[in-house]
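Trainee: Using the hints, build the complex out of the two chains.
Listed below, chain by chain, are the residues.
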Amino acid sequence: MTGVSRSMSFFKTILFLLVVIAIFSPSDLLAQETRSVSDRLIRTLSLQDYNTRIVLMGTCLLGISGGVVGTFMLLRKRSLVGDVVGHASLPGIGIAYLVMESIEPGSGKSLPGLLTGAFVSGLCGALCTLAIKHYTRIKDDAALAIVLSIFFGVGVALFTIVQRMSTGNAAGLHQFVFGKTSSLLANDVKLFAGLAVLVILVTVFLFKEMTILSFDQEFAHAQGWPVLLLDSLLMGLIVLVTVIGLQSVGLLLVVALPVIPAAAARFWTDSLRTMSWISAAIGGVSAIAGVILSATFPLLSTGPMIVLSGSLLFTISMLFGTQRGVITRLRRLRISRIRHGRLDLLRACYEHLEQNLPEGMMLHSDQMTDRMLTLNSLLSRRTWKPARVQSLLNRAIRDDLLIRQGEAGYQLTAEGATKAVRAARNHRMWELFLIRYAEIAPSHVDRDADMIEHVLSPEVLEELETALGQQYPHLRVPDSPHAI
Amino acid sequence: MSQSQLEQMRAEHPASSPLSIHDMTVAYQRKPVLWDIDYDAPAGKLVAIVGPNGAGKSTLIKAALDLVPRISGMVLMFGQPYGKERQRIAYVPQRGSVDWDFPVSARQVVEMGLYRKIGWFRPVTKKYKQQALEALDRVGLVDYADRQISQLSGGQQQRVFLARALVQDADLYLMDEPFIGVDAATERAIVDLLRELRSAGKTALVVHHDLQTVTEYFDEVMLLNMRIVAAGAVEEVFTEDNLRATYGGKLALLEQVGHRMKLSEMGE
Numbered sequence: 001m002t003g004v005s006r007s008m009s010f011f012k013t014i015l016f017l018l019v020v021i022a023i024f025s026p027s028d029l030l031a032q033e034t035r036s037v038s039d040r041l042i043r044t045l046s047l048q049d050y051n052t053r054i055v056l057m058g059t060c061l062l063g064i065s066g067g068v069v070g071t072f073m074l075l076r077k078r079s080l081v082g083d084v085v086g087h088a089s090l091p092g093i094g095i096a097y098l099v100m101e102s103i104e105p106g107s108g109k110s111l112p113g114l115l116t117g118a119f120v121s122g123l124c125g126a127l128c129t130l131a132i133k134h135y136t137r138i139k140d141d142a143a144l145a146i147v148l149s150i151f152f153g154v155g156v157a158l159f160t161i162v163q164r165m166s167t168g169n170a171a172g173l174h175q176f177v178f179g180k181t182s183s184l185l186a187n188d189v190k191l192f193a194g195l196a197v198l199v200i201l202v203t204v205f206l207f208k209e210m211t212i213l214s215f216d217q218e219f220a221h222a223q224g225w226p227v228l229l230l231d232s233l234l235m236g237l238i239v240l241v242t243v244i245g246l247q248s249v250g251l252l253l254v255v256a257l258p259v260i261p262a263a264a265a266r267f268w269t270d271s272l273r274t275m276s277w278i279s280a281a282i283g284g285v286s287a288i289a290g291v292i293l294s295a296t297f298p299l300l301s302t303g304p305m306i307v308l309s310g311s312l313l314f315t316i317s318m319l320f321g322t323q324r325g326v327i328t329r330l331r332r333l334r335i336s337r338i339r340h341g342r343l344d345l346l347r348a349c350y351e352h353l354e355q356n357l358p359e360g361m362m363l364h365s366d367q368m369t370d371r372m373l374t375l376n377s378l379l380s381r382r383t384w385k386p387a388r389v390q391s392l393l394n395r396a397i398r399d400d401l402l403i404r405q406g407e408a409g410y411q412l413t414a415e416g417a418t419k420a421v422r423a424a425r426n427h428r429m430w431e432l433f434l435i436r437y438a439e440i441a442p443s444h445v446d447r448d449a450d451m452i453e454h455v456l457s458p459e460v461l462e463e464l465e466t467a468l469g470q471q472y473p474h475l476r477v478p479d480s481p482h483a484i
Numbered sequence: 001m002s003q004s005q006l007e008q009m010r011a012e013h014p015a016s017s018p019l020s021i022h023d024m025t026v027a028y029q030r031k032p033v034l035w036d037i038d039y040d041a042p043a044g045k046l047v048a049i050v051g052p053n054g055a056g057k058s059t060l061i062k063a064a065l066d067l068v069p070r071i072s073g074m075v076l077m078f079g080q081p082y083g084k085e086r087q088r089i090a091y092v093p094q095r096g097s098v099d100w101d102f103p104v105s106a107r108q109v110v111e112m113g114l115y116r117k118i119g120w121f122r123p124v125t126k127k128y129k130q131q132a133l134e135a136l137d138r139v140g141l142v143d144y145a146d147r148q149i150s151q152l153s154g155g156q157q158q159r160v161f162l163a164r165a166l167v168q169d170a171d172l173y174l175m176d177e178p179f180i181g182v183d184a185a186t187e188r189a190i191v192d193l194l195r196e197l198r199s200a201g202k203t204a205l206v207v208h209h210d211l212q213t214v215t216e217y218f219d220e221v222m223l224l225n226m227r228i229v230a231a232g233a234v235e236e237v238f239t240e241d242n243l244r245a246t247y248g249g250k251l252a253l254l255e256q257v258g259h260r261m262k263l264s265e266m267g268e
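In the order they appear, the protein sequences are chains A and B. For the first sequence, the numbering used here gives the first residue as 1, with consecutive numbering after it. For the second sequence, the numbering used here gives the first residue as 1, with consecutive numbering after it.
What the hints contain is simulated information worked out from the structure, not anything from laboratory work. Even for Gly, the Cβ is constructed at its ideal location relative to N, Cα and C. Hints are not guaranteed to be accurate.
[As the list claims (entries may be wrong)] Computed beta-carbon distance windows for the label pairs:
#1 B/Glu7 x A/Glu459: 52 to 60 Å
#2 A/Lys190 x B/Asn53: 57 to 65 Å
#3 A/Thr274 x B/Asp23: 49 to 57 Å
#4 B/Asp38 x A/Ser232: 30 to 38 Å
#5 B/Met261 x A/Glu459: 43 to 51 Å
Pulled out of the complex, with its shape left as it was, chain B reads as follows (with noise of 0.2 Å):
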């Protein structure tokens, strides 16, 4: 990203926002799934970004995180270039993305969360060990700290996910479908949570697809279908209008340029 670019960005979006996205397009495997997002998230508020399937919601958070490339567009969290600000944000990607059948602990999770801030080669040291287990302890798993983590629930696993995030003490949370497949244990575990990082300042953008759910959990709401239908305070965008415009099925146009786009892109 060029100085000036960068100066013009600055201009257009608010510098007090936590996640600035300007006019992003992004291709997965070659096929656009993202048009144009141009959004700027709220500080200190829980966003659940909603949408059908492969409305690319999981890609969004991606293509912020620099996970997956950007065809175009550019992406500041907390007014800087991603890396610079990287300390500040904490992601949470979807439970079904590892291995959970890796040989290693729930502390042991929870301690990848500190190692950028260990360093290289450096060995996780008591003090850190000590603040996975109280992330643990904030999810209520402290008692399965040494466990494999195969042998927890998933809802247990998901919090275990959770707890790595929290130990990075972030001020940006990126979480990828935490809400799914869990216990109604976890699930109020993680609304408790998310209602605890909201009054300490923070804010999470949060990956959701229970529709249920949406005004009790949130502040704000992304609604998502390969372009942004509507975003915004909960009461004033999740209205049934924008709901239909966004699991209707007007987007069938959008769908075949972008097949068509990865037929050509890939010289078929």
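Next comes chain A alone, as it looks inside the complex (with noise of 0.2 Å):
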């Protein structure tokens, strides 16, 4: 199986699924009478009304191609695009609706009309931003605001206009800026869905093609690419996934749709394919929950709470994602200054019990495990609190490297002699390998390495056995290149 093909058939399965939701529960004919929020959370959940379960079936559609979409989106580093587009297809409302309205009185609020106003206006408006960064100096940021603000203008314009010379039903059209996702019709979502079905179908197919674009446009251009062709396309599925969300969400808040779920994937994983996955679920997920809380809480706008929903999933992303989560990260960081930690005690150890050793012997690993170690012994290698070494000891000991002899007495065990051993070596090395390479005075070599043995990968390591390993073949300890 390959992977666009398994992914195909777990869209395949969404939607069938969704169909069949759609098609075989019971109709619903009592669906305004509902009461308390319990019953109508149940009612909603149930999906017994119609129009919830075609509303749900339609947003959670848009919110999956959002996404996907705000992956590309995210990486290419298009999400203020996003807003743009939003903001400037409302000029597009404004004169699709005018058109519509001067051709054939009463059919101003036709969807697909004014949907293809948005898009093209959106399309316009994205364009733009292009070409003032291309053709004048404007930089990015101006440039965006500069497209936003005034395709906004003229689009608030037009409303105003709009709503004078109307004869009261045009009112339905405020609904593009803030979003109205009750207002949906069967036939809208239908239109909706197809739309997202195709965004998803689109950039699952140009996977591949469109992770070239976003990572390295020069390279495949150079490679034959029809890079401006592929760019427009992702424009295209960034506007169209902005004029779905129209109605739903609203186009103040319609960039939240691709980019929150987008942002909110990336610290989970640092694999392309996975986040889009995440990102897809979620947008589906932070869309039903939206239309699940306006449905129960019919105070509640569903838009806003689409994007409340997804910025919830973000902050827990946020927190505690496994790749880049802040929460993950600072485990990390502990987790590594619990090994600095001990290596700075397993050192102090090593030269503790060196320092009786007459002069040209080398202390073995096997000879450390019967000596005895003191706090006030091990407080006197560093300049660090009795605290610090306390607690230092106390985790060796969990960890098997010390065990604790009578009442204040310490020895290492095999374990904690022969890490000792290495501690002792790597920092040496270090050192020996700063002097002789990198001239570095020998007084200022111990506080060098201090730092730099902590993050010493395998690697380096290997480098450093290159370059000096052959002198202290063994595992020798080379004496300290300093008083200690």
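Mentor: This is the structure:
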């Protein structure tokens, strides 16, 4: 099975399920009569209302398509373009309404017509930013701000005109600004769902092409990919997601639909494929959550609820994401601090045991296990506080590197002794390397080596071994190049 | 490029050359940075492109690859316009040109070199994944295949880029500063690789910044400072006089004219 066909079959399954739900549940004629919150929640969750079912299906697909496109939008650094597209769609809606009304009065609110208008003017907005950037010296951020406000301004002006001239049936147009999912009709949703599926399919089929476009445009160009076409296609997908999100979320918030799930997904993974899966899932889940919330509490409108659900998932991802989440990073930091502390302690043990040795003799790890260490003897090895040493000692005992002997004595275990020799050897090898190859004065190397030995990777250690290893074979610990 | 232009150019340049540049002038953001470049790369040789900062070294490669528009001039690769022989050419961009925080692994970056061969819509199959691994092996990074690229050192990232070019199995390699900011191990690996390519009859044009190593690493050199000062075998061309002409300050006038052209083009 290939990746694409696997993804395809997954999407097919989801679509199939949604269609099944829509067709087979009993149609409901009592939709508006529910009373209590729990009642409504149950009704929503059990998909008893035909309307809820339809809205859930449509918004879920919308959320998924947003998440999928958002991945590439984020990686291609086009997030703000999405915001421009949202705002820039407003004049298109106004113009489309006016045109349709003038052709055939009363037909102004035909959704396909309005969405076409939104699509065209959203695309114009996106192209304008690119043109301004290309032909003038105005920088990226300014170009975005200019286009966004000009288009939005024109749109607001047009809406005022529409409202003055119209006979009151233009009122529904405002739902494009703030979004109003509950106003969706079954036919509308079918249109949205179709477009969302189109967006998802195009992205899945062009996954590889979008990857190379987002990662290394010049290389893609040199390889002969039609970069301009691909870029326009991605832009088209962004505009499409924005436009189909307009009625549910509203143009002010619609940028959240693709960007928030993608940004949240990045915290969980370093793999692009996984990232788009997670992003799609977060998009779909937040859409569903938003619809359920607003169906349960009719005062809360769907758009903001979708965005807030997404924000909640984003916050969770930011904190707990397994790759880049804040808490994950703090935990990694803590683990490395513990490792550093252990290295410091073991080296101090080694240095303490070494000092009583006759000149020229070398300390073997098996001799180290039967000698006594005390807190005070270790305290004098470095500038560290007794509490710190004590906590390091306690941890080392827990890790079976030390054992307690009597009241205040400690002994290294065999494992601890081996690791202590390692730590001391690495430290001194690095010191010697600094003195010999980096020409740093012996009196200065201790601190440098101290910082660096904590981050020595196996590869670097290997290089150290090739540079200096022959002089100190069989894990021999070099004599310290400076007074300890 | 019209047929007659093509014929004329073919008459003036050796057909055997993997890369022929005819009378090329290139502007970068409307400012000419390369003037009247006329050059034929020798087949099967390692060529260093050397010159001071802002001499147009990277631009030369990019213009040859159609990444930067040419004001005038023509480029033939293996006697054909670029589009026709694309699969015989591999490009190694500067390492700094991409975002290394991108969520892909080393192997996936190398696979990008195969995307064109795989073709539209098709996924990367096992066969291609294997090829990518082999290319990573050639640059000594097979153990790092599944690491996310931000976890690699600068030198390792550069080697991933080289592997991405290798996997294309091209005949002409255009490399933009592969030696910049790399460790000694990577430098050795790149040099070995270049020699391997040469003994397989391939040609490489390499933008190079380290004058010390030109003689050791390369067969031919192009000394560039907005125009070609000299080009040819290293032992003939890489002379003190030529270097002085390349790195000396004599080109202030050319730079000044270029700047004026930019201003007039911009309507200022």
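Trainee: Each hint needs a verdict: does it hold in this structure or not?
Mentor: Structure-based check of each hint:
no.	hint	in the structure
1	B/Glu7 x A/Glu459: 52 to 60 Å	holds (55 Å)
2	A/Lys190 x B/Asn53: 57 to 65 Å	holds (59 Å)
3	A/Thr274 x B/Asp23: 49 to 57 Å	holds (50 Å)
4	B/Asp38 x A/Ser232: 30 to 38 Å	holds (36 Å)
5	B/Met261 x A/Glu459: 43 to 51 Å	holds (50 Å)
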